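Enquirer: Sequence:
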Amino acid sequence: MDGRLSLGCLYLHSVASLFPHVDQDLIMAIINHQLPGAEIYKLDSRRILESTWHLVDVNMDESTISLHSAPSATETYATLDSLLVPLNAYFSVLCVHGLSHGQSPLLPCHLFRYSSHLVKIATQYEWAAVLSYHFASFSRRCKEMRKGDYSGWGRVDMDLMEEFLVPNQKQRYGTVHAVTHESQS
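Here this note's numbering is used: the first residue of the sequence shown is 505, the next is one more, and so on.
Bear in mind the hints are in silico, worked out from the structure with no lab data behind them. Since we're looking at a predicted model, the values are computed, not measured. C-beta atoms are modelled at their ideal positions from N, C-alpha and C, and glycine is treated no differently.
Derived lysine to aspartate or glutamate pairs resembling EDC-like cross-links, with alpha carbons at most 16 Å apart: (1) 546 / 579; (2) 647 / 661; (3) 546 / 585.
Across the chosen pairs, the derived CB separations fall in these ranges: (4) 516 / 628: 33 to 43 Å; (5) 565 / 528: 28 to 38 Å; (6) 537 / 662: 14 to 24 Å; (7) 576 / 606: 30 to 40 Å; (8) 610 / 640: 17 to 27 Å; (9) 652 / 617: 18 to 28 Å; (10) 579 / 672: 16 to 26 Å; (11) 565 / 671: 47 to 57 Å; (12) 515 / 632: 36 to 46 Å; (13) 576 / 665: 21 to 31 Å.
All chains, please: the whole structure from these sequences, using the hints.
Expert: Pasting the structure below:
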């Protein structure tokens, strides 16, 4: 038992060494498929030191403590890149772990397909709806991965698209006018 535990610690340490800005507990949550989709912002190295993520302010001069509410999903992930940068870090950890534990060599293709899908739908649907779709899809993928199936990242969730995206298609600006021979004269 102790041998397996020390091998597990050694493995975690070696994976963590590839991602020095990511806490080991966070890596464990990723490889155990327990990290909630709304918390992947913690993988964004650009945001680690941002004060906007602190929920408690302590003022020693005035001996006060003030609490802040957690930012909403659309505040945390205000743009596509604010989602894709930490998601790609998540996928990197997932690839290292999955490929070293017998997952299909196609795993990176599935992950790239999902990222590409997000880029496409972000241009067609309202951003809040895209986030809702992503969180639902992410949750579904974690459930599948806990059973050993990582291939779901390569599939489009049509039922989730119908639920979250279809009702929230972006408004098209302007109209396309057909050119007729009469209008050219």
